[in-house]
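Based on these hints, arrange chain C on the given structure of chain W.
Here's the letter readout for the chains.
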Amino acid sequence: MRMTPAIAGGIFGLLGAAGQAFFHVIPPPAYGICIACHMRDLVNWIAAHIYPIYGLKAGGALIIPGGPVSYNFPLLTIVGILIGAVIAARVNKEFKWKVMRVWWQRPWAEFFLGMLVMISALTFGGCPIRTALKAAYLDITAFIGLIMIAVGVFAGCQVLRKLT
Amino acid sequence: MDLLPPIATIFLGLIMGYLGQRARMCFIGGVRDYCLVKDTYLLKGLFSFIVCALAGFIIFQFVSPAIKTFPWFLDGGAVFAKKWAAMGVTAVPSLILPVPGDPITWSPKVGAHIILAILGGFGLGFFSCMAGGCPFRQHVMAAEGSKSAIVYLVGFVLGAILFHRFVAPFIKAVLA
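Line by line, the protein sequences are chains W and C. Going by the working numbering, the first sequence runs without a break in its numbering and finishes at 164. Going by the working numbering, the second sequence runs without a break in its numbering and finishes at 340.
Chain W with its partners taken away, still in its complex shape:
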């Protein structure tokens, strides 16, 4: 069966809800799938265990900056996604070393773009996936976030039209 984004998105949505309902990925609410937040939890957990000064000491316990669900052990979604995508690319023979052609997607520019995306994502409190998950959880700020993401993409498209 050919996998289309519509089917994949539906399965992701069910997985995100199942993560909260069955697998105790709470609190915070609507935390089942998030790229930025789970990456942040993983990075902060490792950083705080290498440099304890990075975590905030409160009453002798190490408080890791991030979701309370990852205080003891971080969520490993990122590791799973990387392994799963590598398996899919290898099985279907789509793995190939490559670099993007346009200058704003060369590696040195992508480094700063990644940093800026992470900072804005954490300012809002989630990557686009978690914004959609929050919207499904009927959060008002997530609807505003979705609209602003669309506005931001629209502005980005104007810049892309100028550049190309």
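One thing to keep in mind: the hints can contain errors.
In silico contact screen, one side only, chain C against chain W (beta carbon under 10 Å); selected entries [unchecked claim]: (1) Tyr-205; (2) Leu-206; (3) Phe-221; (4) Trp-270; (5) Val-321.
Hints listed in this document are in silico derivations from the structure and should not be mistaken for laboratory results. Small disclaimer: the values here were computed from a predicted structure and weren't measured. C-beta atoms are modelled at their ideal positions from N, C-alpha and C, and glycine is treated no differently.
Positioned in the frame of chain W, the structure of chain C alone reads:
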């Protein structure tokens, strides 16, 4: 130590990575394609995600009655308030703000959160559009062997550290 969430999320991630690679799933890409060429192929993924997640939230709480979290205006808020109090975190979901981003940048001021959502959402959309895909797509592309996406991930990790070192105290000072 509760090891269920990490083990469950690694399997969720495996499924997501495999399906995401096969479907070329991208959440920013849908809006971008619609803007540039009026193509709704990827945008359908975003809408189907929201609809299925809403259906999942409603259905799964009948299947698993132990954790009733969905209608936050009925009892979900109380579940989280209890959990948070047990963990010693001072963030309580209210009627208007059920889903804090995370307890680090949480405050009961609704207006401040709307301003954060406006700033963060715009930056997220703009920079993801320039980078050529949402963070999830970049992870999948890194696994496919794109060197640009691998460097993007390095920047992504550094961004998390920079945020919690320099931006989070500033946001906290503004919110307090």
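Verification of the supplied hints:
no., hint, in the structure
1, Tyr-205, "7 Å, holds"
2, Leu-206, "5 Å, holds"
3, Phe-221, "5 Å, holds"
4, Trp-270, "9 Å, holds"
5, Val-321, "5 Å, holds"
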